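Student: Chain by chain, the residues run as shown.
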Amino acid sequence: DAGVTQSPTHLIKTRGQQVTLRCSPISGHKSVSWYQQVLGQGPQFIFQYYEKEERGRGNFPDRFSARQFPNYSSELNVNALLLGDSALYLCASSLDPTGELFFGEGSRLTVL
Amino acid sequence: GENVEQHPSTLSVQEGDSAVIKCTYSDSASNYFPWYKQELGKRPQLIIDIRSNVGEKKDQRIAVTLNKTAKHFSLHITETQPEDSAVYFCAASQLRSQGNLIFGKGTKLSVKP
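Which chain is which? The protein sequence lines are P and F, in order.
For the first sequence, the residue numbers in our numbering are 1 to 112.
For the second sequence, the residue numbers in our numbering are 1001 to 1113.
Treat the hints with care, since some could be wrong.
[Stated by the list, open to error] Distance condition first, Cα-Cα at most 27 Å in a straight line; then the derived DSSO-like pairs of lysine-lysine: (1) F/K1071 with F/K1112; (2) F/K1068 with F/K1042; (3) F/K1022 with F/K1068; (4) F/K1042 with P/K13; (5) F/K1057 with F/K1071; (6) F/K1042 with P/K30.
Because the hints were derived from the structure by calculation, they are not lab data.
Predicted, not measured: the structure shown is a model, and the values here were computed from it.
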């Protein structure tokens, strides 16, 4: 079985641009969480979605948004990019909100 | 909200020695405490977890202990091997929402042959 897949793996944007990151959970998993990992730090929780509903939101500005589709895949959108948004964005899936998290390899975003 | 502190930030041991990493948490409602291993450029992978209804859990060379009263938990790795070298993260959450993990800042473990 495939694990959690994320795309793109790497991307470079300039300040002010917008970015969309995509995540496909493990088959059968209905919950998806997004994390931001700045170099040298632990992952920081951004969003959790379950059955297409937002279940939790971390301390991130409104420039960050996400959604979950009927097939349980998810997108993370970041508007008006800042240099400080440069990070590894990790998606994790679980069977449900109480299940073990399985992380994807991440999307590395560089903002110039 | 929850805050997780992790120490030390770096740890260097000789192959075969033990390694201990400690974390403290602030929210008494947290009841789920996983540990993740992240190798350079790779995804975080769960290596062991503990729930607040137990004080200790072991899996071969890895063990985790939890002190709910003091709000701290520790990772113990015995008989360390070079392949144990990685960054280790502790985290805390509530069982009803394990997708909402609060991570520590990580410990870079180096095991010297």
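Student: None of the hints should be skipped; say for each whether it holds.
Tutor: Going down the list of hints, with the structure as the test:
no., hint, verdict
1, F/K1071 with F/K1112, "32 Å, violated"
2, F/K1068 with F/K1042, "31 Å, violated"
3, F/K1022 with F/K1068, "14 Å, holds"
4, F/K1042 with P/K13, "22 Å, holds"
5, F/K1057 with F/K1071, "16 Å, holds"
6, F/K1042 with P/K30, "23 Å, holds"
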